[in-house]
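Between the sequences and the hints, there should be enough to build the whole structure, so can you do that?
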Amino acid sequence: MTSRAKWLLFFAFILFPFALTTVTYEVGAMRTRQVDFCASCHVMTPFVEGVRDPKSDMLAALHFQNRWIPHQQCYTCHVDYGMFGELDAKVRSVRHAAAFYLKKDLGRPKLYKPYPSRNCLHCHQGARSFEEQPAHEDVKDALKSGSASCLDCHGPAHPGGEG
Amino acid sequence: MMQSKTLTIAFALVSTGTLLGAAALYKTTALSLGLFGGVGVPCYLLAAGLYVYEVLQDLKRHGVL
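Order-wise, the sequence lines are chains G and A. Using our numbering, the first residue of the first sequence is number 1, and each one after it goes up by one. Using our numbering, the first residue of the second sequence is number 164, and each one after it goes up by one.
It should be emphasised that the hints constitute simulated quantities derived from the structure, not laboratory data. These numbers were taken from a predicted model, which means no experiment stands behind them. Any given hint could turn out to be false.
To be verified - Between beta-carbon pairs, the in silico distance windows are:
(1) A/Gly201 with G/Glu131: 42 to 48 Å
(2) A/Ser178 with G/Cys153: 39 to 45 Å
(3) G/Glu49 with A/Leu194: 16 to 22 Å
(4) G/Arg95 with A/His225: 23 to 29 Å
(5) A/Leu194 with G/Gln125: 48 to 54 Å
(6) A/Arg224 with G/Leu102: 24 to 30 Å
(7) A/Thr171 with G/Gly160: 37 to 43 Å
(8) A/Lys223 with G/Ile69: 55 to 61 Å
(9) A/Ser178 with G/Phe130: 35 to 41 Å
(10) A/Thr171 with G/Val91: 32 to 38 Å
(11) A/His225 with G/Val91: 41 to 47 Å
(12) G/Pro46 with A/Gly201: 24 to 30 Å
(13) G/His71 with A/Val202: 29 to 35 Å
(14) A/Val215 with G/Gly160: 49 to 55 Å
Claimed, not checked - Simulated pairs of lysine to any residue, SDA-like, Cα-Cα distance not exceeding 20 Å:
(15) G/Lys6 with A/Ile172
(16) G/Lys140 with G/His122
(17) A/Lys168 with G/Ile14
(18) G/Lys6 with A/Val227
(19) G/Lys6 with A/Gly212
(20) G/Lys104 with G/Arg92
(21) G/Lys110 with G/Ser93
(22) A/Lys168 with A/Leu208
(23) G/Lys6 with A/Lys168
(24) G/Lys90 with G/Gln72
(25) A/Lys223 with G/Ser3
(26) A/Lys190 with G/Gly28
(27) G/Lys110 with G/Lys140
(28) G/Lys6 with A/Lys223
(29) A/Lys168 with G/Glu86
(30) G/Lys103 with A/Leu198
(31) G/Lys104 with A/Gly201
Even glycine gets a Cβ: it sits at the ideal position worked out from N, Cα and C.
In C-alpha cells, the structure reads:
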C-alpha cells in the first residue's frame with residue numbers, strides 16, 4: 001500500500017466515520033431533548049397530547065402551557081440531575097424502545113422507579129412559592145430526603161398516571 | 164494496496180454507516196438514531212478494523228513488523 005493510499009483510506013475509514021459519528025451524537029443528543037422528539041414515538045402521543053391540551057389542568061400540562069419550563073419540557077422533568085443523570089435517562093429510554101420492539105410491550109410506558117421529587121426541587125427548592133407555602137412545612141424534610149413525593153399531593157402529572 | 168475484496172466490503176460498510184448517519188441527521192427519531200447507533204456505528208467499527216488489519220498485514224509483508 002502506498003503512503004498516499006494509506007492516508008486516503010485512513011481518512012475514508014477512520015477520520016470521516018469518527019467525525020460523522022461525533023456530529024450525529026452531538027446533534028442527536030440536542031434534538032432528543034425537544035418535545036417533538038418525544039412525540040416521534042407513537043406510545044408517547046397521549047403524554048404529548050396531554051401536555052398540549054388547553055383544557056388540561058394536570059401538572060405536566062400546566063408546566064408546559066404556562067412555560068414554567070420554557071424549553072425541553074419532557075427532558076427537564078424526566079432527566080435526573082447529577083453527573084450521570086443524562087446517561088441514565090438515555091439508558092432508560094433505550095430500555096423502553098427495546099421493550100417496545102423486542103417484547104412487543106405496546107402498552108403505556110411506566111417509569112422504572114418512582115418519580116424522584118428532587119427533580120421538582122431542582123427548580124422549586126429555594127423558591128418562595130415552595131419554601132413559604134404553609135402546607136409544605138410538615139413535609140419539606142420528607143420531600144428533600146425523598147421519603148415523600150410531590151406527586152402525593154400534586155399528581156398525577158399526566159392523564160391516566162398513578163400519581 | 165488493500166485487497167480489492169476487503170476494500171469493497173469496507174466501502175460498503177462505511178457507505179451503510181454514512182447513509183444511516185445522514186438519515187439520523189435529516190430526521191431525528193428514536194428509530195433513525197437507534198439504527199445509526201445499532202447498525203451504523205458497528206459498520207464503521209468493522210470498516211476501521213478491516214483497515215487496521217490490512218495496514219498491519221502490509222507492514223508485515225514489508226518486514227516492518
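Comparing the hints with the structure gives:
1. A/Gly201 with G/Glu131: 42 to 48 Å: With Cβ atoms ~46 Å apart, the hint holds.
2. A/Ser178 with G/Cys153: 39 to 45 Å: violated, 56 Å
3. G/Glu49 with A/Leu194: 16 to 22 Å: With Cβ atoms ~20 Å apart, the hint holds.
4. G/Arg95 with A/His225: 23 to 29 Å: violated, 49 Å
5. A/Leu194 with G/Gln125: 48 to 54 Å: violated, 38 Å
6. A/Arg224 with G/Leu102: 24 to 30 Å: violated, 45 Å
7. A/Thr171 with G/Gly160: 37 to 43 Å: violated, 53 Å
8. A/Lys223 with G/Ile69: 55 to 61 Å: holds, 59 Å
9. A/Ser178 with G/Phe130: 35 to 41 Å: Violated, at about 54 Å.
10. A/Thr171 with G/Val91: 32 to 38 Å: holds, 36 Å
11. A/His225 with G/Val91: 41 to 47 Å: holds, 45 Å
12. G/Pro46 with A/Gly201: 24 to 30 Å: Cβ of G/Pro46 to Cβ of A/Gly201: about 27 Å, so the range 24 to 30 Å holds.
13. G/His71 with A/Val202: 29 to 35 Å: About 31 Å separates the Cβ atoms of G/His71 and A/Val202, which means 29 to 35 Å holds.
14. A/Val215 with G/Gly160: 49 to 55 Å: Once the Cβ atoms are compared, 52 Å apart, the range 49 to 55 Å for G/Gly160 and A/Val215 holds.
15. G/Lys6 with A/Ile172: Cα-Cα ~17 Å, so holds.
16. G/Lys140 with G/His122: holds, 14 Å
17. A/Lys168 with G/Ile14: holds, 18 Å
18. G/Lys6 with A/Val227: At roughly 15 Å apart (the allowed maximum being 20 Å), A/Val227 and G/Lys6 satisfy the hint.
19. G/Lys6 with A/Gly212: Answer holds: G/Lys6 to A/Gly212 is near 14 Å, not above 20 Å.
20. G/Lys104 with G/Arg92: holds, 17 Å
21. G/Lys110 with G/Ser93: holds, 11 Å
22. A/Lys168 with A/Leu208: Distance of about 18 Å is within 20 Å: holds.
23. G/Lys6 with A/Lys168: Holds. G/Lys6 to A/Lys168 sits at ~16 Å (cutoff 20 Å).
24. G/Lys90 with G/Gln72: holds, 15 Å
25. A/Lys223 with G/Ser3: holds, 15 Å
26. A/Lys190 with G/Gly28: holds, 10 Å
27. G/Lys110 with G/Lys140: Given that 20 Å is the threshold and the Cα spacing comes to 27 Å, the pair is violated.
28. G/Lys6 with A/Lys223: Within the cut-off at roughly 15 Å; holds.
29. A/Lys168 with G/Glu86: violated, 42 Å
30. G/Lys103 with A/Leu198: Cα-Cα ~18 Å, so holds.
31. G/Lys104 with A/Gly201: Satisfied, since the Cα-Cα distance of roughly 19 Å is no more than 20 Å.
Hint compliance for this structure: hints 2, 4, 5, 6, 7, 9, 27, 29 are broken, all remaining hints hold.
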